[in-house]
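> Model the placement of chain B on the given structure of chain A, informed by the hints.
Here the protein sequences line up with chains A and B, keeping their order. To convert, note that position 77 of the first sequence is 76 in numbering that gives the first Met the number 0; the numbers rise steadily by one, no gaps. To convert, note that position 156 of the second sequence is 155 in numbering that gives the first Met the number 0; the numbers rise steadily by one, no gaps.
If you're looking for bench data, these hints aren't it; they were derived computationally from the structure. Computed from a predicted model, the values in this text were never measured in an experiment. All C-beta atoms, glycine included, are put in the ideal place defined by N, C-alpha and C. Treat the hints with care, as some may be off.
In silico lysine-lysine, BS3-like type, Cα no more than 27 Å apart, as pairs [said to hold, decoys possible]: (1) 52(A) x 47(B); (2) 59(A) x 47(B); (3) 39(B) x 59(A); (4) 83(A) x 148(B); (5) 39(B) x 73(A); (6) 94(A) x 148(B).
In silico negatives: residues of chain A with every beta carbon more than 12 Å from chain B [stated by the list, open to error]: (7) 1; (8) 2; (9) 18; (10) 20; (11) 70; (12) 90; (13) 100; (14) 101; (15) 106; (16) 116.
Facing chain B, from chain A, some residues (calculated, C-beta under 8 Å) [unchecked claim]: (17) 40; (18) 41; (19) 68.
These are the residues of each chain, in order.
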Amino acid sequence: MKTLTVSVVTPDGPVLEDTYEMVSCKAENGELGILPGHIPLVAPLAISSVRLKRDSSEDKLAINGGFLEVRPDKVTILAQSAEKPSDIDVARAEKAKDRAEQRLRSNDDHIDRLRAELALRRAANRLDVAQTR
Amino acid sequence: MASLRDIKKRIDSTSKMKKITKAMEMVSASKMNKAEQNAKAFVPYSEKMQEVVASIAKHTDATHPMLQTREVKKTGYIAITSDSGLAGAYNANILRHLNNTIQKNHGSRDEYTVIAIGRMAVDFCKKRGFPVAKSIIGLPDQPSFAFIKDMATETVQMYSDQEIDKLIIIYNHYVSAISQVATANQLLPIENMDTTTGTSSQYEYEPDEEEILAVLLPQYAESLIYGSLLDAKASEHAARMTAMRSASDNASDLIDDLSLTYNRARQAAITQEITEIVGGASALE
Numbered sequence: 000m001k002t003l004t005v006s007v008v009t010p011d012g013p014v015l016e017d018t019y020e021m022v023s024c025k026a027e028n029g030e031l032g033i034l035p036g037h038i039p040l041v042a043p044l045a046i047s048s049v050r051l052k053r054d055s056s057e058d059k060l061a062i063n064g065g066f067l068e069v070r071p072d073k074v075t076i077l078a079q080s081a082e083k084p085s086d087i088d089v090a091r092a093e094k095a096k097d098r099a100e101q102r103l104r105s106n107d108d109h110i111d112r113l114r115a116e117l118a119l120r121r122a123a124n125r126l127d128v129a130q131t132r
Numbered sequence: 000m001a002s003l004r005d006i007k008k009r010i011d012s013t014s015k016m017k018k019i020t021k022a023m024e025m026v027s028a029s030k031m032n033k034a035e036q037n038a039k040a041f042v043p044y045s046e047k048m049q050e051v052v053a054s055i056a057k058h059t060d061a062t063h064p065m066l067q068t069r070e071v072k073k074t075g076y077i078a079i080t081s082d083s084g085l086a087g088a089y090n091a092n093i094l095r096h097l098n099n100t101i102q103k104n105h106g107s108r109d110e111y112t113v114i115a116i117g118r119m120a121v122d123f124c125k126k127r128g129f130p131v132a133k134s135i136i137g138l139p140d141q142p143s144f145a146f147i148k149d150m151a152t153e154t155v156q157m158y159s160d161q162e163i164d165k166l167i168i169i170y171n172h173y174v175s176a177i178s179q180v181a182t183a184n185q186l187l188p189i190e191n192m193d194t195t196t197g198t199s200s201q202y203e204y205e206p207d208e209e210e211i212l213a214v215l216l217p218q219y220a221e222s223l224i225y226g227s228l229l230d231a232k233a234s235e236h237a238a239r240m241t242a243m244r245s246a247s248d249n250a251s252d253l254i255d256d257l258s259l260t261y262n263r264a265r266q267a268a269i270t271q272e273i274t275e276i277v278g279g280a281s282a283l284e
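Looking at chain A on its own, in the form it has when it is part of the complex (with noise of 0.2 Å):
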């Protein structure tokens, strides 16, 4: 089986390197499979979470921020955050969703809801894949 090598980068460091059949992930317009041999692209990635196969095993990563350029034999993920589901902080993001949703609730105008909105999605996400594990 043909596979490609999936790297994972933060601006706090790399977080995976390895390589992979297939990846799956969500771009801003829709969900996107890249299998060996893609075609070069370039694609913002959502508040989402990317799904790297091998064999019959498939390792989730939470992404925030990122995007997605791929080459033939290579995919590279740049994002502001990834975290592997052993590495998420599920009472932080348990927490940060609540505090999110409360915020939504409220009627206050000074409320910036563009913001809460995306903590809440990014807590969601977080958690969502931490009960993969």
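Just chain B now, kept in the frame of chain A:
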């Protein structure tokens, strides 16, 4: 001549001081190593980011406000300093640079604003009456990207909202453990992008270049701010280490001098005592 007890006291207090500066030197040395590692861990991200942005900028004629120079009505300065002193000329260099740049380029206070990082910069701006748009105090020794992200996003947003038309960052660039240079870099608009490093491969863009630039360029600018911050932190620890080392050296010199004086005074006292005894004995004969 000072009394024996006075000299002894000074020797004791100086050696206590030396213990402290020695400890601070070692703490800074280990922090500097950590900061250097952080800066290194960041390199792959920034290189890749640079490569992709450069290759997009090279292959397309898509434009973005961050790539275009517009008339400068207001300039933003980010000044990175430390929260505490005892770091030699580290803070003074930055603040002098900031002050000189502002004096040279701006006549009135409406023409610039400062984003002050570190207590030293905040206090300096307050004292001088510089307008401060944002200030951060209590930056950790090893800042994570998450910590600085909000500040970076808001600063880049100020440019997008046309509140500022130019963004310059002033920080100490880490050359080596004994040399740090105050540097001013223009962050926005992004100019003289090094397009030679971009790969020759033509990318497919999903959805299209303009939208990717809209996502990518703010992230790129944020990553530049973070990179400078890591650089500045490494410099800070290095500067503090050097300052503390010379303080320890000075303390050693001082202790040597004082010990010499102490021994001399002690010897003089003994000699005098003997003379007195001999004098007393010979008077009795």
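> If a hint holds in the structure, say so; if it does not, say that too.
Hint check:
For a cut-off of 27 Å, the pair hint linking residue 52(A) to residue 47(B) stands: about 24 Å separates their Cα positions. Pair hint residue 59(A) plus residue 47(B) holds up; C-alpha atoms about 22 Å apart against a cutoff of 27 Å. At roughly 26 Å between alpha-carbon atoms, residue 39(B) and residue 59(A) fall within 27 Å of each other, so this suggested pair holds. With a C-alpha separation of about 20 Å, the suggested pairing of residue 83(A) with residue 148(B) holds against the 27 Å cut-off.
Among the hinted pairs, residue 39(B) with residue 73(A) is consistent with the structure: their alpha-carbon atoms are about 22 Å apart, no more than 27 Å. Pair hint residue 94(A) plus residue 148(B) holds up; C-alpha atoms about 19 Å apart against a cutoff of 27 Å. Listed as a non-interface residue, residue 1(A) keeps its Cβ farther than 12 Å from every Cβ of chain B; the least gap is roughly 19 Å. Distance check for residue 2(A) against chain B: the nearest CB is about 20 Å away, which clears 12 Å, and the non-interface claim stands.
A cut-off of 12 Å between C-beta atoms confirms that residue 18(A) is not in contact with chain B; the least separation is 18 Å. Residue-level check passed: residue 20(A) sits 21 Å from the nearest beta carbon of chain B, beyond 12 Å. The beta carbon of residue 70(A) is not kept farther than 12 Å from every beta carbon of chain B, the shortest such distance being approximately 7 Å. For residue 90(A), the condition that its CB be more than 12 Å from all CB atoms of chain B holds, with the nearest at approximately 16 Å.
Non-interface status of residue 100(A) relative to chain B is upheld: no Cβ of that chain comes within 12 Å, the nearest being about 20 Å off. Residue placement check: residue 101(A) keeps its beta carbon more than 12 Å from all beta carbons of chain B (closest about 19 Å). Every Cβ of chain B is farther than 12 Å from the Cβ of residue 106(A); the closest lies at roughly 24 Å, confirming the non-interface assignment. No Cβ of chain B approaches the Cβ of residue 116(A) within 12 Å, the least distance being about 15 Å, so the stated non-interface status holds.
Because the beta carbon of residue 40(A) sits about 5 Å from the nearest beta carbon in chain B, less than 8 Å, this interface hint is met. Evaluation of the residue 41(A) hint against chain B yields a held restraint, the C-beta minimum of about 5 Å falling below 8 Å. Contact between residue 68(A) and chain B, as hinted, is supported at the beta carbon level, the nearest pair being about 6 Å apart and thus within 8 Å.
Checked against the numbered hints given earlier, the structure breaks only hint 11 and satisfies all the rest.
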